[in-house]
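Chemist: With the sequences and hints as input, model every part of the structure.
Under my numbering, the first residue of the sequence shown carries the number 10, and numbering increases by one thereafter.
The hints are simulated quantities; they were obtained by calculation from the structure and are not laboratory data. Incorrect hints may have been included.
Cross-link-like lysine to aspartate or glutamate pairs, in silico, EDC-like; alpha carbons within 16 Å at most [as the list claims (entries may be wrong)]: (1) Lys26 x Asp108; (2) Lys50 x Asp19; (3) Lys96 x Asp14; (4) Lys26 x Asp69; (5) Lys17 x Asp72; (6) Lys17 x Glu122; (7) Lys116 x Asp39; (8) Lys85 x Asp14; (9) Lys26 x Asp72; (10) Lys17 x Glu117; (11) Lys116 x Glu106; (12) Lys50 x Asp14.
Cβ-Cβ distance ranges computed for the label pairs, FRET-style [what the hints assert, rightly or not]: (13) Gln71 x Thr51: 35 to 45 Å; (14) Lys17 x Glu86: 19 to 29 Å; (15) Pro80 x Val118: 15 to 25 Å.
Please read all numbers here as calculations on a predicted model, not as lab measurements. The beta-carbon is built from N, C-alpha and C at its ideal position, and this holds for glycine as well.
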Amino acid sequence: MTRIDFYKTDHGWQGFKAHGHTGFGVHGEDLVCAAVSALTKTSVLGLVKVLGITCKIEEDEQDGLLLCLLPRGLSKEVRQQAQLILKVLYEGLTTLELDYGKYIAVKEVPYHEN
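Modeler: Given below as structure tokens:
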């Protein structure tokens with residue numbers, strides 16, 4: 010199962026972590042995994058390439074991990090734009106979860122900086 014945690018603060022989403030493999034199909038033919046990957050990676054591209062944000066990103070395909078966290082100090086405008094991208098990702102993944110809840114789980118979790 011792929012779990013997607015959306016990290017939430019008092020100011021909105023701080024980022025997300027997708028981890029695990031869906032198990033819907035064999036490697037290379039898993040449509041649910043492909044959908045999750047397309048949504049999450051496109052969102053990261055939006056944050057990094059379109060908005061120019063230097064996010065903390067960790068990726069490990071072997072473990073099915075993609076972590077993306079927003080940095081501190083974003084302007085109000087850029088932070089609002091980042092929130093829109095993360096909201097679209099959240100809506101896309103929760104919609105996917107409605108049909109494939111056996112294979113993916115999406116939840117909001119409190120974010121506490123170390």
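Chemist: Next, verify each hint and record whether it holds.
Modeler: Going down the list of hints, with the structure as the test:
1. Lys26 x Asp108: Between Lys26 and Asp108 the Cα gap is close to 21 Å, so the pair fails against 16 Å, i.e. violated.
2. Lys50 x Asp19: Judged against 16 Å, a Cα distance of about 25 Å means the pair is violated.
3. Lys96 x Asp14: Satisfied, since the Cα-Cα distance of roughly 13 Å is no more than 16 Å.
4. Lys26 x Asp69: 11 Å, holds
5. Lys17 x Asp72: Measuring from Cα to Cα gives roughly 24 Å; hence the hint is violated.
6. Lys17 x Glu122: At roughly 11 Å apart (the allowed maximum being 16 Å), Glu122 and Lys17 satisfy the hint.
7. Lys116 x Asp39: Since the Cα atoms of Lys116 and Asp39 sit roughly 22 Å apart, the hinted pair is violated (cutoff 16 Å).
8. Lys85 x Asp14: Answer violated: Lys85 to Asp14 is near 24 Å, above 16 Å.
9. Lys26 x Asp72: OK: Lys26 and Asp72 at ~12 Å, within 16 Å.
10. Lys17 x Glu117: 6 Å, holds
11. Lys116 x Glu106: Given that 16 Å is the threshold and the Cα spacing comes to 10 Å, the pair holds.
12. Lys50 x Asp14: Judged against 16 Å, a Cα distance of about 15 Å means the pair holds.
13. Gln71 x Thr51: 35 to 45 Å: Cβ of Gln71 to Cβ of Thr51: about 21 Å, so the range 35 to 45 Å is violated.
14. Lys17 x Glu86: 19 to 29 Å: 21 Å, holds
15. Pro80 x Val118: 15 to 25 Å: For Pro80 and Val118 the Cβ distance comes to about 19 Å; the hint holds.
Checked against the numbered hints above, the structure breaks hints 1, 2, 5, 7, 8 and 13 and satisfies the rest.
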